[in-house]
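2 protein chains.
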Amino acid sequence: MSFYERHIFFCVNERDEGQMCCNASGGGKMLNYAKDKIKALQADGPGKVRVNKAGCLGRCDKGPVAVVYPEGVWYSFVDEEDIDEIVDSHLIKGEVVERLKV
Amino acid sequence: MSFYERHIFFCVNERDEGQMCCNASGGGKMLNYAKDKIKALQADGPGKVRVNKAGCLGRCDKGPVAVVYPEGVWYSFVDEEDIDEIVDSHLIKGEVVERLKV
Chain B
1 MSFYERHIFF CVNERDEGQM CCNASGGGKM LNYAKDKIKA LQADGPGKVR
51 VNKAGCLGRC DKGPVAVVYP EGVWYSFVDE EDIDEIVDSH LIKGEVVERL
101 KV
Chain Z
1 MSFYERHIFF CVNERDEGQM CCNASGGGKM LNYAKDKIKA LQADGPGKVR
51 VNKAGCLGRC DKGPVAVVYP EGVWYSFVDE EDIDEIVDSH LIKGEVVERL
101 KV
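So the protein lines, in turn, are chains B and Z. Numbering follows the working numbering, in which position 3 of the first sequence is assigned residue number 3; successive positions increment by one, without gaps. Numbering follows the working numbering, in which position 95 of the second sequence is assigned residue number 95; successive positions increment by one, without gaps.
Simulated from the structure, these hints should not be mistaken for lab results. A few of these clues could be false.
Capping the alpha-carbon separation at 20 Å, the derived lysine-lysine pairs in PhoX-like fashion look like this [what the hints assert, rightly or not]:
#1 Z/Lys48 / Z/Lys37
#2 B/Lys48 / Z/Lys35
#3 B/Lys39 / B/Lys29
#4 Z/Lys62 / Z/Lys48
#5 Z/Lys62 / Z/Lys101
#6 Z/Lys48 / B/Lys62
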């Protein structure tokens with residue numbers, strides 16, 4: 001088994017002013033929200049889930065995006081409710097959130 | 001199948017001056033070397049391998065580190081020869097480099 005049971009990477013890429021990219025469309029904000037939520041859920045022991053920021057993931061047309069490994073499932077999201085569902089269903093229980101897949 | 005056949009994340013975390021971390025011990029430099037190498041190898045078509053930078057991967061004691069998904073194999077490396085082996089063997093051919101695993 002890998003070191004982490006599940007590992008999610010949020011694209012937080014930034015471009016020159018005026019060009020949209022994952023960070024400008026909410027990637028960084030949602031990353032922080034997910035980090036705090038996972039930290040609270042895993043407060044009692046070593047984390048099996050890791051939340052990370054990443055550079056440009058190369059799927060700008062679907063942004064903001066995050067990818068969950070080892071499954072290799074890609075998500076796009078709008079708000080904190082979407083992140084709640086990705087965390088609660090996929091990261092914790094292993095159930096893919098079909099409606100947010102890209 | 002996932003969007004990329006293989007996806008490697010290099011920790012390029014930076015700490016306050018004086019504290020060692022993956023970037024200070026070569027993470028960023030080796031990331032750039034791997035990116036250039038993969039770009040050259042995949043010049044003729046859409047890339048099946050993606051090289052990304054990431055924030056702190058939480059394995060500072062083994063740094064500098066990178067993780068390859070979907071396999072979830074972690075590597076530590078010293079120089080460009082190590083990166084050549086990770087790229088040529090694992091990222092391109094799918095053969096894990098046992099000697100660099102952590």
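Hint check:
1. Z/Lys48 / Z/Lys37: holds, 14 Å
2. B/Lys48 / Z/Lys35: violated, 29 Å
3. B/Lys39 / B/Lys29: At roughly 16 Å apart (the allowed maximum being 20 Å), B/Lys29 and B/Lys39 satisfy the hint.
4. Z/Lys62 / Z/Lys48: This hinted pair is violated, its Cα atoms lying about 27 Å apart.
5. Z/Lys62 / Z/Lys101: holds, 10 Å
6. Z/Lys48 / B/Lys62: holds, 18 Å
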